[in-house]
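Protein chains in written order, with numbering that gives the first Met the number 0: chain X, 0 to 791; chain B, 0 to 157; chain Z, 0 to 334.
Hints may contain errors.
Lysine-lysine pairs mimicking BS3-like chemistry, simulated, CA-CA at most 27 Å apart [what the hints assert, rightly or not]:
no.: 1; chain 1: X; residue 1: 14; chain 2: X; residue 2: 560
no.: 2; chain 1: X; residue 1: 130; chain 2: Z; residue 2: 140
no.: 3; chain 1: X; residue 1: 149; chain 2: X; residue 2: 172
no.: 4; chain 1: Z; residue 1: 140; chain 2: X; residue 2: 136
no.: 5; chain 1: X; residue 1: 560; chain 2: X; residue 2: 590
no.: 6; chain 1: X; residue 1: 125; chain 2: Z; residue 2: 226
no.: 7; chain 1: X; residue 1: 348; chain 2: X; residue 2: 130
no.: 8; chain 1: X; residue 1: 125; chain 2: Z; residue 2: 140
no.: 9; chain 1: X; residue 1: 538; chain 2: X; residue 2: 12
no.: 10; chain 1: X; residue 1: 560; chain 2: X; residue 2: 451
no.: 11; chain 1: Z; residue 1: 46; chain 2: X; residue 2: 59
no.: 12; chain 1: X; residue 1: 318; chain 2: X; residue 2: 274
no.: 13; chain 1: X; residue 1: 130; chain 2: Z; residue 2: 226
no.: 14; chain 1: X; residue 1: 59; chain 2: X; residue 2: 172
no.: 15; chain 1: X; residue 1: 121; chain 2: Z; residue 2: 46
no.: 16; chain 1: X; residue 1: 12; chain 2: X; residue 2: 560
no.: 17; chain 1: X; residue 1: 560; chain 2: X; residue 2: 571
no.: 18; chain 1: X; residue 1: 590; chain 2: X; residue 2: 568
no.: 19; chain 1: X; residue 1: 88; chain 2: X; residue 2: 187
In case anyone wonders, no lab produced these hints; they're calculated from the structure.
If you want the building blocks of each chain, they are given just below.
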Amino acid sequence: MNAPFEGIGASMKRKEDLRFISGHGHYVDDINRPGQLYAYIKRSDRAHAELRGIDTAAAKASAGVVAVYTSADLTGIGGLPCGWQIHNKDGSPMAEPAHPVLASGKVRHVGDPVAVVIAETKQQAKDAAEKLVVDYKDLPAVATVTDAVKPGAAQVHEGAAGNVCYDWEIGDKGAVDAAFAKAAKTVKLDLTNNRLIPNAMEPRAAIGEYDPTTGEHTLYTTSQNPHVIRLLMGAFVLQIPEHKLRVVAPDVGGGFGSKIYHYAEEAIVTWASGKLAQPVKWAAERNESFMSDAHGRDHVSTAELALAADGTFLALRVKTLCNMGAYLSTFAPAVPTYLYATLLAGVYKTPAIYAEVKAVFTNTVPVDAYRGAGRPEASFLLERLVDVAARDTGMDRVEIRRKNFIPKDAFPYQTPVALQYDSGDYVSTLDAAMKHADWAGFPARRAAAKAKGKLRGIGMSTYLEACGIAPSKVVGSLGARAGLYEVANIRVHPTGSVTVFTGTHSHGQGHETTMAQLVSDQLGVPFSQVEVVHGDTSKIPFGMGTYGSRSLAVGGSAMVKAMDKIITKGRKIAAHLLEAAVEDVEFKDGKFTVAGTDRSKTLSEIALTAYVPHNYPIEELEPGLDETAFYDPKNFTYPGGCHVCEVEIDAETGVVSVVNFTAVDDVGRVVNPMIVEGQVQGGVAQGIGQALLENAVYDQDGQLLSGSFMDYTMPRADNLPNIKVGTETTLCTHNPLGVKGCGEVGAIGSPPAVINAVVDALSDYGVRHLDMPASPQKIWSIIQGAPRMAAE
Amino acid sequence: MPNEPEPIRHFRLNGRNCAVPAADHTLLVETLRETLGHVGTKQGCDGGECGACTVLIDGVARLACLTRTGECEGHEIETIEGLAAGGRMSRLQRAFHERLGTQCGYCTPGMIMAAESLLRRDPHPTETAIREALSGNLCRCTGYVKIVEAVLEAAGAG
Amino acid sequence: MNRFAYASPATVTEAAAATGLVAEAMVTFDESAVLKAGGIDLLDLLKLELLTPSVVVNLRAIKGLDAITQDAAGNVAIGAMATLSQVAEHPLVRGSYPALATAIAGAAGPQLRNVATLGGNLLQRPHCWYLRSPAHHCLRKGGGHCFAIHGENQYHAIFDNHACAIVHPSTAATALVALNAEVELHDAEGATRRLPLEDFFVGPDDDIQRENALRPREVLTAIHLRKPASGTRMAHLRQGEKAGFDWPLADVAVVLAIGPDGVCREASVVLGAAAPVPHRARAAEQALQGRHPGEAAAGDAARAALRGATPLSLNAYKLALFETLVRRAILAALA
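Chain X extracted, bound-state conformation:
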């Protein structure tokens, strides 16, 4: 009887599902510790104001209140650190203003924490916070990047003149200028990448706990990377040594980047629980999520493309203003630079590229990586620009792409903006997507739609991204203040079952399943006998966490490395038991066999021997079968693909419906096709949300108007199409699994495909471009030629 196939390539049903579908998921807000107190954060309702004083007397006297803290109480506590330093064009470091845990001196955005009330119940804490009297003196505020760089704009930080955090460049300006000077055609486009609010369904939460007998702190937190939080908070904010600080990130209900960062509330509950020697819990209300979780995107750009007469791309010039918000979130400076500008080559062999990026402070929530992070901004700019270039030059949208693709025999391919792509085949994903989407049959569908009074359009994006973040040496040279390797510990137990400890973190991605498949496949152990553990610094040696679609490419590779060590040791033990030379022992399908014989030992037999070493080469080998590996990737990975979107627009109402969506992606080797499909569908849904619905609206005074799910419109079940997903594979050449990553491709490839389709549908109206979201009012204004379109 053949064992069921459960290794790499099988759509195994997820191990983690059983607790999620039965209501037994274990999220931070589901945890309650004995004697627990509750924290409520008083937040600024002003976008920008001097903080002249906080009268805490009435709050302190309020029922159930244990403590009230303001910045004055946080003596000896550091500010929230920024993990990435960017340098200006002139080589000087970026402006890096202090980011206090509780606002001190000034508040700089609506939602800036000003005080914390700790009480016996949540309601008591909240009631008491109402009694805090905060003395503000309002200051002029600035909410948008374009306003922030105007002369005389309100200054968010004294140390950042003109609100500039950094003014950075990449590429060869001279070569680009020269190419533009002799180009047959040039195309120019101004575009905005709309500001988004991540809105994982689980609001952030944190519980601090302190054991005075051991001096050990524990923080339960909604984090994508508990070790990073331990490092940042322990070393920079609270000065707690690693061995006295445990960080646990249990089941986490979605992250999409927003739970990477070290937030003030984590430090507050950890510090306060130590001070009070009682556990302290904080859980965000949704309105707090809107005004305190890091937002995403928010770019304003000008892009120019120089072309030869035949449509060959000669040079690309980009100028981008990006919003950092009021403070630098943990990885914010890296997003519009090394995750954005370095991606501007896309899938094209454009020989010269120059980009300038100016990051500015505003009186808004800090902006950091949100699903795709920098790469969706790059793909939107580039894929819109290519469509506009086709339109302006009268070329076919598909042909101009084919003409400029990096050919599949050109890898490794060095781009003019630092990255070296290892593999890809952009023609294969393009062809497959056009076939699955029936691109050829579109004119008939357009005609049919026209007959019922609808405008139908089709659009594509051929995108690329860089993930599997990232080689430590490279990122270090670019300003990262951390290494970006990953760690795995593989423990083969005496009876042969396996526990895998990974430094990555699963918050919906299904690591407990995919990684178990990987280990099952490589060690020949049944899937059911492999358990994956993540999210607890007391169990896992170290780790950098999950973001940038890195878990399998980097974390999975660390597992392979650890398994190699297990197998190497196992061969030695087997050689001893089988009285053979180590070189003659082969490992396959869970068995160590002497080559050319039927003499073999199973992995379980080897494991038992390793833990009960009676007949064992004890002189040369330690007992046990437990190995740890650190894996530092050699390069980024480069998933790419083609997304095709088809829309119908009701010309009389301006409403856009996505009627078909097809994504064909190259994510490298696929371990679990069902999970990959789910990841891509979810990413595409977020991309469609960005393209059609989502927009963080601030008024000119810095008040967030879209601060609830009724005002910030996310896709619901009744307004998304079925999203068709396919894969075409080229293997990553530099990691042992050949995997590239699939978490972000959906959100990166889809927004330009949607907008390209919308613009195509509106082709009769002379529309060249529109920015996201393509709301009914915007479409209507375009159809009507009303002035509103220019304003947006």
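Chain X is already provided as a structure; the job is to place chains B and Z on it using the hints.
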């Protein structure tokens, strides 16, 4: 008011009698999660916008974040914890597992309860009816595709 | 949210007596007591502290307030506590007032419709993001001006918007005004009064502090609908930013009484999300009356409906949207 004992509310919870103290302003989601430790029911918004706290009251989908515990007096409440009879997952739960109807799991209890309410009312719904019945439940992970497939499968049409 | 006591009276009269100023979400912001129907908007307002009552008076325990009944003459009465699901699915409503059923079926999400009541829906407060923002002390909250008029007003009013640009949020109200519904109000002495729903809503020019004519110690108990004349056709259409659960950008209800000769005897054309109260488009009605309605009359009526509109900086798109919806609703009614 502060020192008065909270009145005891009586209702059926997942088939068992339940007597629990709850103030007039206490919401069912608070009673379930904080007083009774039934943390399977989630809260994802500040009231009425996300559907994560969907439970069944007398078989009908309701939001525990908008229902005061006092209103439940004498009623039958079902939560995600009660769906697996004798430890065996319901057909809907099994279908969510088969079809990857869950990713991070946070919206899942509410999503399953909303779908359960639909299937009791309409055992063989169309895809449109499923999408409409789930339109009060936000999911940020799945794009809803596999959730809809799971409900179709549970309805015998998948 | 402040702490409040909770009362569950058994009769409407007791309920009325228990409250100083009333309603699910009403009027001024310092009520000592408010009435609770479904409690959805009320809970929102309590959380935002737009209401800080000492007593919340629950109407659920009052028997019969959710009944949907028909009298001998064929007129229908809908108890104010009937849930939106009950109303939308009720055979009397679906049979005689399909535009109302459609308007309600598109409101909110399924779980909310299982709880929200028709009375509460009519009395909910506007969803202006400035009104609901604690940081904006707007005119309606006793402040100096309307932030929307020169602010982010893409979702705001295109008629009667010079003082305060809220729009009425209830799609049910749009349909009910078009159906010439009446509301029944019950006071603490046991007296009742009826008035047309259209007159029940109060615009900012009449009283910036109120959105309806409920008096202190008065409870909305029922909505009355006359039996439609034979030959009555109706439709309701809404347009949101997306298909489902959000506030409409625009909604339109049309009720036409067509004589045996095919001539339109009476027409009701009402726009929702267009003005601070459901907006009756009289010029559109006149454009239909006395004509054989069809494409031409529908187009004329649609253009007439928008005459006199005063769009703000960001909401001129609504003019065209309404024009389309009016025309389509007329044609849908005739179909």
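Here's how the hints hold up against the structure:
1. X:14 <-> X:560: It holds: about 24 Å lies between the C-alpha atoms, which stays within 27 Å.
2. X:130 <-> Z:140: Measuring from Cα to Cα gives roughly 21 Å; hence the hint holds.
3. X:149 <-> X:172: The hint holds at about 25 Å.
4. Z:140 <-> X:136: holds (22 Å)
5. X:560 <-> X:590: Holds: residue 560 of chain X and residue 590 of chain X sit about 18 Å apart, inside 27 Å.
6. X:125 <-> Z:226: Not OK: residue 125 of chain X and residue 226 of chain Z at ~52 Å, beyond 27 Å, violated.
7. X:348 <-> X:130: violated (62 Å)
8. X:125 <-> Z:140: Distance of about 23 Å is within 27 Å: holds.
9. X:538 <-> X:12: holds (26 Å)
10. X:560 <-> X:451: violated (60 Å)
11. Z:46 <-> X:59: Holds, at roughly 22 Å.
12. X:318 <-> X:274: Given pair residue 318 of chain X, residue 274 of chain X is violated - Cα atoms ~49 Å apart, limit 27 Å.
13. X:130 <-> Z:226: Distance of about 55 Å is beyond 27 Å: violated.
14. X:59 <-> X:172: The hint is violated at about 60 Å.
15. X:121 <-> Z:46: The given pair, whose Cα atoms are some 14 Å apart, holds under the 27 Å limit.
16. X:12 <-> X:560: holds (26 Å)
17. X:560 <-> X:571: Given that 27 Å is the threshold and the Cα spacing comes to 17 Å, the pair holds.
18. X:590 <-> X:568: holds (13 Å)
19. X:88 <-> X:187: With a Cα-Cα distance of about 24 Å, the restraint between residue 88 of chain X and residue 187 of chain X holds, given a limit of 27 Å.
Violated hints for the displayed structure, listed by number in ascending order: 6, 7, 10, 12, 13 and 14.
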